[in-house]
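Here's the letter readout for the chains.
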Amino acid sequence: MPERVAAFLGLHRDDIDEIEVVAYEPMAGGYSRSMASARIRYRSGEVTLEETVVLRGDPPPGHAMIETDRDHEWMVLEALTQLSAIPIPPARHYDSTGEHLGTKAIVMDHVAGGSLQSLLDDVDDYGDHPTRLARLWGTVHGITPDQLPAAMPHPGSWDERIDGLIEMWHIVEQRSVNSDPVSRYIAAWLAANKPPPLPLRLTHGDPQAPNVMIDPDGEYLLVDWEFASIGDPREDLGWYNIYSSAAGPNLYTLDPEPFLAAYREATGFGEAEVNQWTVGYFTILAGIKIGATISEQLDRFAMGENSGVMTAMQLGSLSYGHEQNLAAIAGLQAALDAQGAMS
Amino acid sequence: MIVRPTTSRLLRDVRHELVETIVPEVTSATAQVALEQIDIILEQCAVRADNEIEWMAEEVAEIDGFVGRVVDATHDEPTTAALQAARHEASGSLALESMCDDYNRMSEALSCAIEACMGDPERAALLAEAIGILQARRSDREVDVRANWRLVGRG
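Residue numbers (this note's numbering), protein chains in the order written: chain A, 1 to 343; chain B, 344 to 498.
For the record, the hints were derived by calculation from the structure and aren't laboratory data.
A virtual CB, placed ideally from N, CA and C, is assigned to each residue, including glycine.
Hints may be right or wrong, so weigh each one.
[What the hints assert, rightly or not] As a list, the in silico SDA-like pairs of lysine to any residue whose alpha-carbon atoms are at most 25 Å apart:
1) K194/A - M461/B
2) K194/A - Q478/B
3) K104/A - M461/B
4) K104/A - D146/A
[Unchecked claim] The calculated label-pair distances, taken between Cβ atoms and stated as ranges, are:
5) D121/A - V357/B: 23 to 31 Å
6) E432/B - A85/A: 54 to 62 Å
7) A7/A - T370/B: 41 to 49 Å
[Claimed, not checked] Calculated from the model, a selection of chain B residues having no Cβ within reach of chain A, i.e. all distances over 12 Å:
8) T349
9) R355
10) N394
11) A429
12) S434
13) S441
14) E465
15) G496
With the hints as extra help, turn the sequences into a complete structure.
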C-alpha cells in the first residue's frame, strides 16, 4: 500500500523529484470507512520535506458496516472547499475508481490536534465547547440549497423532506428480516405530531464530537461528510443529541437553553422552531437516516451476505435507538398532553 | 445431547480466555478494538442463548391476546388480517428459525394494532397498552441483550 500511495500522490505533483511513504498505519475509530495515516517524504533537489496525510476509503466488499457513496462525499467536499464558509481540513485528491489505491479513496490533510471527542474525554470542565459546538452546527446550517451542487438531491418542500424521512421508517421496517413494531409506532407518532417548518439547508448528517477535529490553533474542523444532504437543520441537532447520548458527553443536554440560544443566534432561527421539544422530535426523526443503513447491513449479515464484528456490534445501536426513542416519545407526548390540558 | 455446560457458560469461558490470555499479547490498536468488540458480542450471545426462545414465546402469547382485543374493539381490517395470518401460520415449533417466523408474524399484528389506535382518543387506552408491551416485552429485554455494549474505539 505505501508504494501505491506514493505513486498516486506523484500523479498530482510534477514539481517533486521523489515521493516516499516512510510510515503507513491503519487508524482505529473510523466506523464507516477504512482509514489510514501515511507519513510522506518529498524530495526536490536538496530540499526534503515531510507531512502526514489521511486516506479515507471503502472497506473490502462484504465488510462494510455502513454503505455510503464516496463520489457523493467528494462532491460535497469540493463544494465546501470552494465556498470556504465551513471550517474543514483540505481534501487533496480523490481516486474515483480505485485503480490507484485499490479502493475508492479520498486523500486529506492530517489534523495534528486530535478530535473534540478525545479532548472532552480528558477534561472535566467543558468550558465554552457547548456554545462553540452549537455555533459550528449553525455555520453548517447557514448554507442554502442554491449554494450546493445540483447533483445533490434537492427536496421540493419541507413537507416533502419530512414526509420522506417518516416514510423511511416504514420502508426500512418493511424491507427488514425483522418485523419491528417499535419502528412502526415511531413512524405513526412522527406523522401525527409534525413541528413548525424551517427553511431547508445543508445538513452534515453525522454531527458528533469524533467528527470535529481541533487543529493546533484550537480551531474546529468538521470532517466525515458522507451523509451530507439538504434537509431540515434540526435533523443535525437531533442526530447530535441521540449520538452523544450513546457516546457522551452530550454538550446539548448538559444545559440545553444556552446551547439553543447560541445556535439560534448563529442561524437567526426563532424559538418557536428551535426549542427543546423540536430538538426532541428531530432526535427521533433523524435517527432513521443512519439507522436505515445500519439496518440494511444487519439484514445482509442475517442472510449471510455481509460479515464483520463491527456490523454485529450495530445490533446494540438499533436496540439503543429503540430504548431512546420510546423514552423520547413518552416525554414529548407528555409535554403535548400538558399543553393540551392547559389550553 | 450434552446440555451442560450450557451455551452461555461456554461463551463466557471463551470471553475469559480472550481477556486474560489473548488481549495482553496484542499490541495493535485496531486488533485491541476488535477484541473488545468480540467480547461484547460474545456476552450478548450468552444472554440470548439463555433467554431468547422463552422471551419470544411469552411475547407472542401476550400480543395474541392484546391484538385480539383491538380487533374486537376496532374491527380494523389490516389488524384483523395480520392476526389471522399470525395464528393460521403459527408453527408451534420451538426450533429457533420457526420461532423467529412466528414472532415476526405476531409482531406485524402488533404494528397494525398500534397504527389502528394512533390518533383516536377513544382508543388511547389500547394504545397505552401497546406501548406498555413495546416497553416491557421488547425494549427492556433488548437492554438485557445489549449487556456490556458500548461504542468501542470511537474518536
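Quiz item: So is S434/B really clear of chain A, every C-beta pair being over 12 Å apart?
Solution: S434/B clear of chain A: closest Cβ-Cβ about 16 Å, beyond 12 Å.
Self-check item: Exclusion check [N394/B not at the chain A interface, CB over 12 Å]
Solution: holds (14 Å)
Quiz item: Has the hinted range 41 to 49 Å been met by the Cβ atoms of A7/A and T370/B?
Solution: violated (30 Å)
Quiz item: Beyond 12 Å from chain A, beta-carbon-wise, is A429/B?
Solution: With a cut-off of 12 Å, A429/B comes too close to chain A, as the shortest Cβ separation is near 10 Å.
Quiz prompt | Satisfaction of hint between M461/B and K194/A, Cα-Cα up to 25 Å | solution = holds (14 Å)
Exercise. Given the hint that K104/A pairs with D146/A, test it: the Cα-Cα distance must not exceed 25 Å.
Key: violated (28 Å)
Quiz item: Does the structure keep K194/A and Q478/B at a Cα separation of 25 Å or less?
Solution: holds (23 Å)
Exercise. Starting from the range 23 to 31 Å, see whether the pair D121/A and V357/B falls in it by beta-carbon distance.
Key: The hinted range 23 to 31 Å holds for D121/A and V357/B, with Cβ atoms some 30 Å apart.
Exercise. Could you check that no beta carbon of chain A comes within 12 Å of the beta carbon of E465/B?
Key: holds (15 Å)
Exercise. Please settle this one: G496/B was flagged as non-interface, so is its CB more than 12 Å from every CB on chain A?
Key: G496/B is in fact no farther than 12 Å from some Cβ atom of chain A, at 5 Å.
Quiz prompt | Cβ separation check - R355/B to all of chain A, threshold 12 Å | solution = Correct as stated: the minimum Cβ-Cβ distance to chain A is 17 Å, above 12 Å.
Quiz item: Within 54 to 62 Å or not, the Cβ separation of E432/B and A85/A?
Solution: With a Cβ separation near 57 Å, E432/B and A85/A satisfy 54 to 62 Å, so the hint holds.
Violated hints, in rising order: 3, 4, 7, 11 and 15; the structure is consistent with all others.
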